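Q: Protein sequences, first through last, are from chains P and A. Letter by letter, the first sequence follows residues 1 to 384 of the UniProt record's numbering. Letter by letter, the second sequence follows residues 1 to 569 of the UniProt record's numbering.
Read the hints as simulated data drawn from the structure, not as lab findings. Be aware that a few hints might be false.
Cut-off 25 angstroms, straight-line C-alpha distance, at most; resulting in silico cross-link-like pairs (DMTMM-like, lysine to aspartate or glutamate) [what the hints assert, rightly or not]: (1) Lys137(P) / Glu188(A); (2) Lys320(P) / Asp181(A); (3) Lys222(A) / Glu201(P); (4) Lys191(A) / Glu155(P); (5) Lys183(A) / Glu201(P).
Computed footprint of chain P on chain A; a stretch qualifies when at least three of its residues, placed anywhere within it, have a C-beta under 8 angstroms from a C-beta of chain P [stated by the list, open to error]: (6) 163-171; (7) 184-197; (8) 334-348.
To give an idea of the interface, some chain P residues facing chain A are shown, with a C-beta separation under 8 angstroms as derived from the structure [unchecked claim]: (9) Trp83; (10) Gly90; (11) Asp102; (12) Trp119; (13) Cys122; (14) Thr123; (15) Cys190; (16) Arg325.
Given the structure is predicted, the values throughout are model-derived calculations rather than measurements. From the three backbone atoms N, C-alpha and C, an ideal C-beta is built for every residue, glycine too.
The chain contents come next:
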Amino acid sequence: MNFSEVFKQSNQLCKVSPDGKYLATCVQYRLVVRDFNSLQIVHLYTCLDPVMHMEWSSDSLFILCAMYKRGLVQVWSLEQPDWHCKIDEGSIGLVSSRWSPDGRHILNTTEFNLRVTVWSLCTKAVSYIKYPKACQKGVDFTADGRYMALAERRECKDYISVFVCDDWHLLRHFESETQDLAGLEWSPNCCVLAVWDNCLEYKILLYSLDGRLLSSYSAYEWSLGIKSVAWSPSSQFLAVGSYDEKVRILNHITWKKITEFEHPATIINTKAVVFKEVEKRPVVGSEDLSIHQLTVDNSLFSTQSKYEITQLPAQVPVIKPDPDRANPKIGISALAFSADNRFLATKNGSFQVQSLFWHCSGSSLVLLSKEHICLCYMEAEEEK
Amino acid sequence: CPAPLITLLHISGISMSPSRQNLHHSLHSTMALPKTSYSVLSAFCTEENISQCIAYINQEVCSLGLTGVSLESKSGSLSAVPVLNLLYEVLQLQRRAQRALHELETQQLKNGSDLEHLQHSNCRLKDQLEHTRRDNSGLHEGERQLQLKIKTLQNWLKSEKEEVQKLQSIISSRATQYNHDTKRKERECTKLKERLNQLLMDKRDKKLSIEISNHVGRSDGKRGLWKTGKMEARHEGEMYRALLSDYETRQRSLMMENSELKKVLQHMKKDMITILSPKKPCIKTEPANDSLEQAVSEGEEEIGDSSRETLEQSCEQAREQLTNSIRLQWRKLKSHMERLDSQASLVACQEREGEEMMSRKEHEEEMQRMRMELQQCKEFIHMQQQLLQQQLSSPCDEETAALLNDCYTLEEKERLKEEWRLFNEQKRNFEQERKNFTEAAIRLGHERKAFEEDRAAWLKTQFLNMTPFVDRKRPALSEPHSALSVGTEPEAKLQSTPPLVTKSLFSTPKAASVKMPSTADLYRTLHLIPDSRGHGKCQSGEMSTKSRLRNCSTDCSVISLVRDENSPI
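I would like the entire structure built from these sequences, with the hints used as guidance.
A: Quick look at the structure:
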């Protein structure tokens, strides 16, 4: 593998444009845009404050830089470097900022989640949405960018508002049957909205686009409930990962569970293949450990690792989480379907995997941990 | 006077009770005298045998331990005193015996009653024992049940405890979650309060604003539209359109799935009908036949229905009909299969039983044999496989294949060469022998000729000596000439005559052209084959040999004949 030179960045703000041509990084209050192939700096912008959040617009023409401390959002254009835009939220503060799917509106969430302000770059219009809910995932846009679902909380009850992104017209506003809404997600075909409760109650509700409740599913009571939810790309399946270390798959016709996957600590399923990372560290005698040696000999710290197939039954190391802490590190924390609907990747327990992503062809999976990156290739059988 | 003795004895005889006679017959037999003993008694002692009687009585009395009676020989009669004493003693004895008997009898009675008593008590005790045993087992049973109950209760208690623990853990986790949330909310609240305070105190009010150098066009390039009721309606419409299209696609896919499944069901039904209807060579019983017939008739009905079904595919009734008919057919098929299974197992059982009739040993022997055979076959196959592998693998590259081929052909060539060499050697040997034989034959011929000449000369001399024709010319000279001429004549036929018999000498496929004189000529020279000339003269002595030789078929080994002739050679 070849590596380029190291570029500075701050706050892990380093994003590739949606069209794949540019790479934007933030270094403190500077925004650096490079050409992706040559890594030459194309544009350089300076913001008023250290940038906390940076996002490309969907058409790769604009970049949004949010500075929460000062409540400012600055938008930069790639086509016209002279063009500038500054949004000031005033004394009300700023907690989060994001683009709308059409790349022409910016949604700012104010401090204390008092409201969501929708700024338009085409007109100077401002829209306000009151009482948005501060939860795990309170806002979701449909895949085609036409509708937005927003969770609201008024008078100790949860509501869901559906907006038309075109002109931010409120299409539907209905009460949600959740106790304490934790998140909502549109199905990829944009017709069903999955709404789930927080971990104290296992409940997932399915609403159609026009606000009717299609179905509700609850696997069990009292124990900690849903931790993560994922739709399959074809909208046929809904995977629900919970704190009881199981993934339950619901089907889109009856919205009933069709199967459930367990994550046992001992893997005995004969069809499973277990890859274990084996690290080889060079062995050093204790008398050699002088400072001189350590500074000169870099290879001392280079560890090589490779993956070996472990014999079944394989024992997965389990760290029992502290039961007295809230939001314990057990259960299914990450779910990802492959793009061809064939595979579902799940992460259970306290493994240090920050994220898992599938390649768009569905043939490989990337696992990111704090210090490691792992690529898994799925062997596809050739179809004749 | 013996009369009082008799009367006393009689009295004692009367005093016997008849009931005891049965029990103590032996005692009585010694003691009791039958009532009719009077005559016997009178017969015992008479006037004549008094002394004998006395002697006898003395004897008996001595055996009992009493003093005997002496006979006063003076008067010739018994003195009454010893007799009376004796009698008294006997009576005493008798009394004592009686008493003993009484005692024994009472003892006997007592024993009998004791025995009865003991038996009764034994029975009673046995019953009691049985009773207590039963009680004991009952109590054991009760105890066991109670133990079981205890166990189940303990298990239930354990499970309940576990559940309680689980619930407690759930409660505690929920409690921590609530606490956490409450704390978070509280923190937020305090922050809000602070902020509010700050805002109230802070007079400067930063207004929210946007500074934008110029407006950007919409992403889709269209103009913005005003918000009107029509817009709302449009939005609504669009939303419903999106939903409808989704439902339509879903419905379409479900319809397709449905139709596919229906097709599958139809096929299944047809298959089931075909399976159930044809005459199968299986073990059929009456009910099976009936079911088959039923199935066939049903099937026919169904086939008739199916045509109707295709017309009303979306009709609810048709769907129900189809599923019902499928279910029916399936049930029939299942029952048929079950019947077949049971019959097959029955037959298998019977067969197995039949085998058991047969000796197990035979069966096992057969099994063993079969196993051996199997093993052999496997080995054979394995070997074959190996060879085949060799065959297939060896000509993997053409060079080695060619080399191998060459090797094989070379081997064969070598072999052939060897054989040819042998063959040639043999041929040479044969030729040599033949040459020898021909030489020998020629020599023989010559010798014969010479002999003939000699004979002819001798005959001639004889003849001449015998006859007056002394001056005649010697035609014998012509004979050798004739013989010679005969000898030469066939030479002309040398090349023309085919080597007929050479073949019998040399068994080679090749018909070698022999430059040497052929065997036919050899025969001719040996006069084995009669030539046209014929020798009229020399017939007498050699007649036998000639005829012998002539009669020989050509298949005879000439060599042996020639050898016979040339034995001196």
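Q: Which of the numbered hints above does this structure break?
A: 3, 8
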